[in-house]
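Final position of the sequence shown in numbering that gives the first Met the number 0 is 210; the numbers increase by one with none missing.
Since the hints were made in silico from the structure, they are not lab data.
Among the hints, a few may not be true.
Derived DMTMM-like pairs (lysine to aspartate or glutamate); straight-line CA-CA distance at most 20 Å [said to hold, decoys possible]:
id: 1; residue 1: LYS143; residue 2: GLU125
id: 2; residue 1: LYS128; residue 2: ASP166
id: 3; residue 1: LYS147; residue 2: ASP99
id: 4; residue 1: LYS109; residue 2: GLU65
id: 5; residue 1: LYS107; residue 2: ASP159
id: 6; residue 1: LYS128; residue 2: ASP138
id: 7; residue 1: LYS109; residue 2: ASP159
id: 8; residue 1: LYS143; residue 2: GLU127
id: 9; residue 1: LYS143; residue 2: ASP99
id: 10; residue 1: LYS109; residue 2: ASP93
id: 11; residue 1: LYS107; residue 2: GLU151
id: 12; residue 1: LYS147; residue 2: GLU127
id: 13; residue 1: LYS128; residue 2: ASP165
id: 14; residue 1: LYS143; residue 2: ASP74
id: 15; residue 1: LYS147; residue 2: ASP75
id: 16; residue 1: LYS143; residue 2: GLU124
id: 17; residue 1: LYS147; residue 2: ASP135
id: 18; residue 1: LYS147; residue 2: GLU125
id: 19; residue 1: LYS109; residue 2: ASP85
id: 20; residue 1: LYS109; residue 2: ASP99
id: 21; residue 1: LYS107; residue 2: ASP93
id: 22; residue 1: LYS107; residue 2: ASP85
id: 23; residue 1: LYS147; residue 2: GLU124
id: 24; residue 1: LYS128; residue 2: GLU151
id: 25; residue 1: LYS107; residue 2: GLU65
id: 26; residue 1: LYS147; residue 2: ASP74
id: 27; residue 1: LYS143; residue 2: ASP75
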Amino acid sequence: MSQIFIISAPSGSGKSTLVNSLLAHEPDLIFSVSYTTRAPRGQEQDGREYHFVTREEFRRMIAAGEFIEWAQVFDDYYGTHRRYVDQGRAEGRDVVLDIDVQGARQLKEKIPQAVSIFILAPSREELEKRLRARGDVSDAVIRKRLAKAAGEIRNFGQYDYVLVNDDLQAASERLLWIVRTARLRAADEQVQARVRRILETFELEESEPGT
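Start from the sequences and build out the full structure, keeping to the hints where you can.
This is the structure:
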């Protein structure tokens, strides 16, 4: 059975860098590329960072039930297509979902056993510094993202793990540790279930007359 990993973070927390590091160390993971109605930024490419679609196409996909979760963030829509989770289940591979707090809440309700991880910068000042270092947004947009970050961080308690990205190498190692530990735990649960089935065959044999 495939394991689902939900990873969320305020914009500027370094989530993309950490996820890329995770995928480099665990290449058998399936990464879910979200759909969005916002325009590409900088060097972003369709199908790599996001699938960029029109509002009309996004609404059509909502009506068709193609998203396992979706949310409106500011003036744009973001959603996770069901095919990534379906592919993981069909192939027995684990899936990484990069989604915001709203989407994480929706997905946890549908898949309670999913492992959720929240990433954040060590302080408001550091987060603002990282946002400004991008150089592609205005002061008004930065203020809006900082306000949104405050709201997201207040929901940290709904996640299974919280990771403070104050040192990239240490944070990368911790994220890798979280994912590997969860995968080992899931594998151990499968082994225990198999052992219980084996034990049932012994109990059935012992219950037969003349044994």
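Given pair status - ASP135, LYS147, alpha carbons within 20 Å: With a Cα-Cα distance of about 18 Å, the restraint between LYS147 and ASP135 holds, given a limit of 20 Å.
LYS143 paired with GLU127 [C-alpha distance capped at 20 Å]: holds, 11 Å
Proposed proximity, ASP75 with LYS143 (alpha carbon, max 20 Å): holds, 14 Å
Given hint ASP93 paired with LYS109 - CA-CA distance at most 20 Å: holds, 17 Å
Given pair status - ASP99, LYS143, alpha carbons within 20 Å: At roughly 15 Å apart (the allowed maximum being 20 Å), ASP99 and LYS143 satisfy the hint.
Given hint ASP138 paired with LYS128 - CA-CA distance at most 20 Å: holds, 12 Å
20 Å Cα cutoff - pair LYS143, GLU125: Roughly 16 Å separates the two Cα atoms, so the pair holds.
Proposed proximity, ASP85 with LYS109 (alpha carbon, max 20 Å): Distance ~14 Å between LYS109 and ASP85 Cα, so the pair holds.
Satisfaction of hint between GLU125 and LYS147, Cα-Cα up to 20 Å: holds, 15 Å
Pair hint LYS107 and ASP85, alpha-carbon separation not exceeding 20 Å: holds, 16 Å
Satisfaction of hint between ASP74 and LYS147, Cα-Cα up to 20 Å: Satisfied, since the Cα-Cα distance of roughly 13 Å is no more than 20 Å.
Pair hint outcome, LYS147 versus GLU127 [Cα-Cα no greater than 20 Å]: holds, 12 Å
When the structure is compared with the earlier hints, no violation turns up for any of them.
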